[in-house]
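Peer 1: One letter stands for each residue in the lines below.
Protein chains: 2
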Amino acid sequence: MGWEENIRRVVPYTPGEQPKNENVIKLNTNENPYPPAPNVQKILQNFDVDQMRLYPDPEASLLVQAIAETYHVQPEQVFVGVGSDDVLSMAFLTFFHSNKKILFPDVTYSFYDVWAELYHIPYETIPLTETFHINPEDYTIPNGGIIFPNPNAPTGVFENLDTVEKILQNNPDSVVIVDEAYIDFGGISSLSLLEKYENLLVVQTFSKSRSMAGMRIGFAIGSEKLIRYLNDVKFSVNSYTMNQVTLACGAETLKDKAYFETCTNKIIRTREQAKQNLRSLGFVFPDSMSNFIFAKHPEHDAGMIFQKLKEKNIFVRYWNKPRINQYLRITIGTPENMQALFTALEKILQEKE
Amino acid sequence: MGWEENIRRVVPYTPGEQPKNENVIKLNTNENPYPPAPNVQKILQNFDVDQMRLYPDPEASLLVQAIAETYHVQPEQVFVGVGSDDVLSMAFLTFFHSNKKILFPDVTYSFYDVWAELYHIPYETIPLTETFHINPEDYTIPNGGIIFPNPNAPTGVFENLDTVEKILQNNPDSVVIVDEAYIDFGGISSLSLLEKYENLLVVQTFSKSRSMAGMRIGFAIGSEKLIRYLNDVKFSVNSYTMNQVTLACGAETLKDKAYFETCTNKIIRTREQAKQNLRSLGFVFPDSMSNFIFAKHPEHDAGMIFQKLKEKNIFVRYWNKPRINQYLRITIGTPENMQALFTALEKILQEKE
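Those sequence lines, one after another, are chains H and P.
Just so it is clear: in the first sequence, position 94 is 94 by the numbering used here, and no numbers are missing.
Just so it is clear: in the second sequence, position 154 is 154 by the numbering used here, and no numbers are missing.
With the rest of the complex left out, here is chain H (with noise of 0.2 Å):
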């Protein structure tokens, strides 16, 4: 029919499995494996559910405000979506709005040329170095604007500030995001960088060192005239989208800062375990401060070994695509996960192919 000309057509994204199936290992999509901040338990049990009928807070204050405290900012600089997909996506709608191509790394976010496609907003894609890592003198070309993820994805390297502050000393022009999903397990924020850029946007998540991927929260701090137009942008599509069992749970957890401080040190310790028992069965990857190593072994295929693993009902990430095909993406588990994921990798290595 006629009608069908009129549409726009996309090739969706494809997000990481979720199996309904409750017995798998699941290292694939970067959740945390310990439960959120126990005081959530709380704030269901006593949530009053006859203001349901009321729409929530359009401005979200309960959790910007308390964003604000936390990362020691004013409410005014803090800006808060349906998960850091729905804050990034809002932020490529708002800042990336010119003619000029818009740069980020040839192996990043397998979402930011989705969006860049879906917005219409020319873009180009640069090379990290051999060792996956950015070069800032690659950034000095005319650009729309800037957007790289700290530590990167699917890598898990780290780019120290030196990095970040070359890259916005030499873009005064171009609004620079640094998407921050994984910062929590080691690396260190650009949020330090606020008081000297004004065309600098912090993006992070509730989803991945917070335990709550399933409530869909992230945020971006930058400075109030950056927010400002995100808001403005955002108030145009959708007024109200945090929900209030949103607002308030998200709230509760940033409370509980020592449980914070302890799943994210578990995580990092299993992790830095974890190098250990990769290289000893032969792995080879660069070095990660994510939630999530991204490993190759010299030998053996990857794609081979994914479906292996999955035979084995563990499940990891693993992308068919140029520079990335012969990597794992392995997401930090519990201990016991991680001792499962070592036990059947040595058993995989060891069969015949």
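Derived by calculation from the structure, the hints in this document are not laboratory data.
Where hints are given, some of them may not hold.
Which copy is meant is left open, because identical chains are indistinguishable; a pair holds if it fits in one copy or across any two.
[Stated by the list, open to error] Okay, derived cross-link-like pairs now, DSS-like style, lysine-lysine, Cα gap no bigger than 27 Å in a straight line:
1. K310 <-> K225
2. K296 <-> K347
3. K255 <-> K20
4. K255 <-> K42
5. K196 <-> K166
6. K310 <-> K296
7. K42 <-> K225
8. K321 <-> K296
9. K310 <-> K347
10. K257 <-> K166
11. K20 <-> K310
12. K321 <-> K266
13. K225 <-> K100
14. K321 <-> K101
Dock chain P against the given chain H, drawing on the hints supplied.
Peer 2: Then chain P, alone, in the frame of chain H:
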């Protein structure tokens, strides 16, 4: 700074006030005066908080399945989003993608032109008749898509299905969206037309008749083909929009059909009584089939009444816009809310201006 030249500037939509003062009688945002179905409380109390660490089901199967069963359609015909604003915004992005103007009424939901401008969709508004009705003959000009609410907002006027079907018959080459946010208060849904029209999308919400504005749940039902296109775009923006608690509460509330009938019938009865009371105060209004009445008083300025009600802590909605700046949109609250409103109006109308 130069970066501001590369960004998108929009005039954001201004939502109705959400006063934090609890003594307000809130008849300004078409919320339901009754709480959600009682079983929702149990869902929160028994919710397994540990699972929040995992991403939600990207296909939102639990909720999609419940909607499909409730409306006797296939799950493949159901799309869900973060309130009907999210659903409609995605529908604009997906279905209105030609260089031809889309059409909608001049007096209508105030987000339509905002989304059209945001996504650079050309549009033309078609004047409603003198009595705020849609004349289907006006929708025979070439177009890139059509959208209208039924009942219309903010007028409350319902168009019978003959009108909807005439528009569909004349527009096989456009997607036609019927925005049925207020359909459960006595109107007849266009869902029955889905069998004949592959290009029809019907959008509804849990925010009004199901008392869940605070949880942000909207949905669309259409042909499998339309829904597939819509999901492709949605998965490109954000794969995981519906959080776990929302999915569970939304699916549960659909089960209690008796409670739903009771509440909507109470609101309908209160509305019919309100029509009599408003008439006896001298107000005139198009007949409403929604949970609000769009009324003007021939002898009193609407902006003045709006202000004076506000001073008495009674909030209704007022727009200073062409054609409607002498009208107040009054949400149907409880009988007690409405009695307070009538008492206040009586006083205001007696005062000298």
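Peer 1: A separate judgement is required for each hint: does it hold in the structure or not?
Peer 2: Results of checking the hints against the structure:
1. K310 <-> K225: neither (47 Å within a copy, 32 Å between copies)
2. K296 <-> K347: within (16 Å within a copy, 78 Å between copies)
3. K255 <-> K20: between (32 Å within a copy, 23 Å between copies)
4. K255 <-> K42: This pair counts as both: shortest intra-copy Cα distance 13 Å, inter-copy 26 Å.
5. K196 <-> K166: within (12 Å within a copy, 60 Å between copies)
6. K310 <-> K296: within (17 Å within a copy, 66 Å between copies)
7. K42 <-> K225: neither (36 Å within a copy, 43 Å between copies)
8. K321 <-> K296: within (14 Å within a copy, 63 Å between copies)
9. K310 <-> K347: Close inside one copy (13 Å), not across copies (73 Å); limit 27 Å.
10. K257 <-> K166: neither (32 Å within a copy, 61 Å between copies)
11. K20 <-> K310: Intra 14 Å, inter 51 Å, cutoff 27 Å: intra-copy only.
12. K321 <-> K266: neither (32 Å within a copy, 58 Å between copies)
13. K225 <-> K100: So K225 and K100 pass the 27 Å test inside one copy only (22 Å; across, 35 Å).
14. K321 <-> K101: within (23 Å within a copy, 40 Å between copies)
Comparing the model with each earlier hint shows violations of hints 1, 7, 10, 12; every other hint is respected.
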